[in-house]
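These are the residues of each chain, in order.
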Amino acid sequence: GESVGLHLPTLSVQEGDNSIINCAYSNSASDYFIWYKQESGKGPQFIIDIRSNMDKRQGQRVTVLLNKTVKHLSLQIAATQPGDSAVYFCAETSGTYKYIFGTGTRLKVLA
Amino acid sequence: DAGVTQSPTHLIKTRGQQVTLRCSPKSGHDTVSWYQQALGQGPQFIFQYYEEEERQRGNFPDRFSGHQFPNYSSELNVNALLLGDSALYLCASSIGDRGNSPLHFGNGTRLTVT
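Those protein sequence lines, which keep their order, are chains U and H. If you read the first sequence in my numbering, its first letter stands for residue 783, the second for the next number, and so on. If you read the second sequence in my numbering, its first letter stands for residue 5, the second for the next number, and so on.
Derived from the structure by calculation, the hints contain no laboratory data. Every residue, glycine too, gets a C-beta built ideally from N, C-alpha and C. Hints are supplied without guarantee of correctness; some may be wrong.
[What the hints assert, rightly or not] Chain H residues, not near chain U, derived (Cβ > 12 Å throughout): (1) ARG19; (2) ARG26; (3) PRO47; (4) GLY62; (5) PRO65; (6) SER69; (7) HIS71; (8) GLU79.
[Said to hold, decoys possible] Keeping only pairs whose Cα atoms sit at most 20 Å apart, straight-line, the calculated EDC-like set for lysine to aspartate or glutamate is: (9) LYS880(U) <-> GLU58(H); (10) LYS824(U) <-> GLU58(H); (11) LYS880(U) <-> GLU57(H); (12) LYS890(U) <-> GLU56(H); (13) LYS30(H) <-> ASP813(U); (14) LYS880(U) <-> GLU56(H); (15) LYS880(U) <-> GLU55(H).
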């Protein structure tokens, strides 16, 4: 399949280690934030979301942290697996479906 | 339970031609949004349809138009194709038009303009 992101920032992690992917968002009025995973040849897949009245939310092996003071969002993946290899996008919105997507980070899991 | 489905998966067109892309939303969803994703970039919002009306539009020219049908499915039309329209076109569905629930994306239509 085609590569989603040919020249994206790349994070390489050893299998079993934890991964942290960072994202700076632009609009201080944004109140809903979402992380998506995109594998080659596929559409973005929802991972986890967080609203602006929270600063942390946990899912299965994933945690999202939100720092509204510095407009920063991070995605932590615990015990990274080969199937986690993909491009990860953060998205922000202020009450509409006009999501603003970040530039994306490619995660490579090393065996 | 079918997710968002898009057709066709791939399409090759010539400059100046017109194209229609189709999307069926996830079962139970009534809102459809369209995004354009150029190679190596994040998706960019084109427009959103709810109750068969265009509710919000991104920074795309009038050559891009759409439609939503009573069964919530949607079409994206692009007229007078340019080389720069080559991209992955993503359809996403959701419930309601308030933007407070996550969009569910299809796998897209890869459009190549030659």
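Each hint, compared with the structure:
1. ARG19: At roughly 21 Å from the nearest Cβ of chain U, ARG19(H) sits farther out than 12 Å, so the non-interface label holds.
2. ARG26: holds, 15 Å
3. PRO47: With a cut-off of 12 Å, PRO47(H) comes too close to chain U, as the shortest Cβ separation is near 5 Å.
4. GLY62: violated, 6 Å
5. PRO65: holds, 17 Å
6. SER69: holds, 17 Å
7. HIS71: holds, 17 Å
8. GLU79: Consistent with the label, GLU79(H) stays out of reach of chain U, its closest Cβ about 17 Å off (over 12 Å).
9. LYS880(U) <-> GLU58(H): holds, 12 Å
10. LYS824(U) <-> GLU58(H): Violated. LYS824(U) to GLU58(H) sits at ~26 Å, over the 20 Å cutoff.
11. LYS880(U) <-> GLU57(H): holds, 15 Å
12. LYS890(U) <-> GLU56(H): violated, 41 Å
13. LYS30(H) <-> ASP813(U): violated, 25 Å
14. LYS880(U) <-> GLU56(H): At roughly 17 Å apart (the allowed maximum being 20 Å), GLU56(H) and LYS880(U) satisfy the hint.
15. LYS880(U) <-> GLU55(H): Given pair LYS880(U), GLU55(H) holds - Cα atoms ~17 Å apart, limit 20 Å.
Hints 3, 4, 10, 12, 13 from the earlier list are contradicted by this structure; the remaining hints agree with it.
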